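Engineer: Residue numbering for the sequence shown follows the numbering used here, beginning at 83 and increasing consecutively.
Among the clues, some could well be false.
[As the list claims (entries may be wrong)] What follows is a set of in silico ranges between Cβ atoms, one per label pair, in the way DEER data are often shown:
(1) 120 to 92: 24 to 32 Å
(2) 170 to 97: 37 to 45 Å
(3) 96 to 173: 31 to 39 Å
(4) 93 to 159: 17 to 25 Å
(5) 120 to 159: 22 to 30 Å
(6) 178 to 203: 18 to 26 Å
(7) 215 to 99: 39 to 47 Å
[As the list claims (entries may be wrong)] Pairs of lysine to aspartate or glutamate, DMTMM-like flavour, derived with a Cα cap of 25 Å:
(8) 84 to 151
(9) 172 to 95
(10) 150 to 225
(11) 161 to 171
(12) 161 to 99
(13) 203 to 149
(14) 92 to 192
(15) 84 to 95
(16) 204 to 149
No wet-lab data here; the hints were simulated from the structure.
Just so you know, these numbers come straight off a predicted model, no measurement behind them.
The beta carbon of each residue, even a glycine, is placed where N, CA and C say it ideally should be.
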Amino acid sequence: MKITFNLNGKGMELDVDPMSLALDVIRGLSLTGTKEGCGVGVCGACTIMVNGSPVSSCICLVGTLSDKDVWTIEGLAEKMPELIDSFVEKEGMQCGICTPGQIVAAAAIDSVGASSPEDIKKYMAGNLCRCTGYQTILSAVEEYVAIN
83 MKITFNLNGK GMELDVDPMS LALDVIRGLS LTGTKEGCGV GVCGACTIMV
133 NGSPVSSCIC LVGTLSDKDV WTIEGLAEKM PELIDSFVEK EGMQCGICTP
183 GQIVAAAAID SVGASSPEDI KKYMAGNLCR CTGYQTILSA VEEYVAIN
């Protein structure tokens, strides 16, 4: 089945099984920044942005992306370098497995208007990290929100 959508600002038309997972299709396009962590939609490592909202790509069927705007870490790194800079400056990563999902979730904060540390903490709660203890991630997101 042909699926058309925008991926990282570029029009895509793919002939894929609509029941394929978005994560598998995206990684099959050599966009490997999106990671699989848990495979059941709870860790956030596979987060992509769909029409401005964070979505777990490991449980998202690619057929649901038809006619939507989809962003991965690769596209957001080019579109929002200041967010990447905040993560680097605040050391908001350690092993790097969760970092792409954390950054994609943070990029979607603009659409919900989270600005207080409490709002940011609640909004980022869907992304797990085994390494950092979260404070450096939250500091990076708070810095990004403050300068934007």
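Engineer: Could you tell me which of the hints above the structure violates, numbers in ascending order?
Structural biologist: Hints 9, 10, 12, 13 and 16 not satisfied by this model.
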